[in-house]
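Engineer: Now for the letters of each chain:
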Amino acid sequence: MLGRWGGAAWEYAPALVLLAALVGLWELMVQVLDTRPYILPAPSAIWDALIDKGHLLPNHIQATATEAVLGLLAAAGGGVLLAVLIASIPLARRVLYPIIVTSQTVPAIVLAPLLMVWVGIGLESKLIVVALVGFFPIVVSTVDGLASADRDMVALVRSMGASRLEELRHVLIPSAIPGFFAGLKIAAAYSVIGAVIAEWVAAKEGLGIFIIRSQASFRIDQIFVAIAVIALLSIALFVAVHLLARVASPWKYANDQGENGS
Amino acid sequence: MSEAAVAIRGLRHTFPGSRPVEVLDGVDLEAAPGAFVSLVGPSGCGKSTLLQVLAGLLAPDAGESLIEGQSTVGEPGLAAYMPQKDLLLPWRKAIGNAVLGAEIAGEPKAEARQHALDLFERFGLAGFEESWPSQLSGGMRQRLALLRTFLIPRHVLLLDEPFGALDAITRREMHQWLQEVWASDARTVLFVTHDVEEALILSDVAYVMSPRPARMAARFEVDYPRPRRPEIVTEPEFVADKARLLAALDGASKG
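Protein chains in written order, with my numbering: chain P, 1031 to 1292; chain D, 47 to 301.
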């Protein structure tokens, strides 16, 4: 176990060193050039803002995280349903695929105000924005996963007398699990952004509204605090999905575990 | 006369396409209940197609394909079928793969599992029950696929070159072992191979198929006493039979 964490630390060390160097450079530039804090605050000023206004954040984080997670769940449910339809009914593929692709050409930022008008400024409108942003990669990669199922394996279970539903259960769905999680990872990375964009338009709470308020009072340092929180939240969701994928597809990792065990 | 376990009559099939491929050209075959019947033929002659018809996966253009008197056309699941590739499901552990067919056939899960666990040792897989297929060697994967086929509650086994991918030494072991397993089991086996020696060691009856489009070129009764040891291949009678079988195979290829 120690070895594994040590390995992970070693793997990410270069990225962390680079990040620290960039932050250091940023601090130095701001100090040397004496940049106005309402244009670009120094990292140390952003840290002070976090300490100062940090008590405001938990409520906003909770609101945004709730929207992101629930929206992601909706995207996953809807995405899988659409993927199964598209993969199993040729007509559904011809009808739905073009519409789904077209839906992605409408930016979430344009859609969000419309949704506020239609369903109000509550949780629902945010869920819809997050789900709309997230379902596309899930549908595409789950369809690919279902299509990648080994035809011979399907034939094998059919020779055993399996029904269409059993084919789906024993071969098609397990084949699609890695693809589904690949899509879910992308959706997870976008889901927090989706929630923030939706809050931007109108909301009572959330990191998006925190940014709007900070901007209105020229607290650029607070905007940076929000940016950092959004990044951390996105990474946390991404990592959570990654861990979930490991639990859901243990056979993919069977051989790594063997190496670590020895 | 008792009903044949497997009966094929006048089977014809052509794969359609821009260049249609005529595979089976009136094939006849019969296997008595409990018999070990081999099907020998050159590569690509349609042996696998024949098994797919018997497995209910392919509807032939013409002819009859019966398992225990029941037509297999559009009716999979009448026989236990083992394709050439092991096709183990990567997302099921060894034990899960072993019970797959039994599970689909509707056997209660716990019962199927217990039955499988009892056989893991016989199939040389003891200790690997909880391994993933990707952790097993080629020979073990093949034995697991065979175990999965054995656990399907059907009277007829259709085995498509089950040892084709194994090295000669492992193959010899598998021949001994398969004879033992089959002897204790009393099921009908239809065994596809392109190895004449393998067919003679294992079978009661060996059919020789011609190249594509396939017909039955010859039928041999093989009546050496059982169990047959690996050394049998050096005995004069065996060598003579092997020569006859090879001649039939060559004759079929030329004619």
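Please keep in mind that the hints were generated in silico from the structure rather than gathered at the bench.
Take the hints with a grain of salt, since some may be wrong.
In the DSSO-like style, the derived pairs of lysine-lysine whose C-alpha atoms are separated by at most 27 Å in a straight line are [to be verified]:
| id | chain 1 | residue 1 | chain 2 | residue 2 |
| --- | --- | --- | --- | --- |
| 1 | D | Lys131 | D | Lys155 |
| 2 | P | Lys1282 | D | Lys155 |
| 3 | P | Lys1282 | D | Lys139 |
For each label pair, taking beta carbons as the anchor points, the in silico distance ranges come out as [as the list claims (entries may be wrong)]:
| id | chain 1 | residue 1 | chain 2 | residue 2 | range |
| --- | --- | --- | --- | --- | --- |
| 4 | D | Leu165 | P | Thr1135 | 28 to 36 Å |
| 5 | D | Ser183 | P | Ala1270 | 51 to 59 Å |
| 6 | D | Glu281 | P | Gly1037 | 58 to 66 Å |
| 7 | D | Ser230 | P | Ile1129 | 40 to 48 Å |
Predicted model, so just to flag it, every value in this text is computed and none were measured.
Note that beta-carbon positions come from the ideal geometry of N, C-alpha and C, so glycine has one too.
Engineer: Holds or violated: Lys1282 (chain P) and Lys155 (chain D), Cα atoms, limit 27 Å.
Structural biologist: 25 Å, holds
Engineer: Keeping to a limit of 27 Å between CA atoms, is the pair of Lys131 (chain D) and Lys155 (chain D) held or broken?
Structural biologist: With a Cα-Cα distance of about 25 Å, the restraint between Lys131 (chain D) and Lys155 (chain D) holds, given a limit of 27 Å.
Engineer: Holds or violated: the 40 to 48 Å window for the beta-carbon distance between Ser230 (chain D) and Ile1129 (chain P)?
Structural biologist: 60 Å, violated
Engineer: Does 58 to 66 Å hold as the CB distance between Glu281 (chain D) and Gly1037 (chain P), or does it fail?
Structural biologist: 60 Å, holds
Engineer: Keeping to a limit of 27 Å between CA atoms, is the pair of Lys1282 (chain P) and Lys139 (chain D) held or broken?
Structural biologist: 12 Å, holds
Engineer: Using the beta carbons of Leu165 (chain D) and Thr1135 (chain P), state whether their distance is inside 28 to 36 Å or not.
Structural biologist: Roughly 57 Å apart at Cβ, these two residues miss the hinted range, so it is violated.
Engineer: Taking 51 to 59 Å as the hint, is the beta-carbon distance of Ser183 (chain D) and Ala1270 (chain P) inside that range?
Structural biologist: Check failed, 36 Å falls outside 51 to 59 Å.
When each numbered hint is compared with the structure, violations occur for hints 4, 5, 7.
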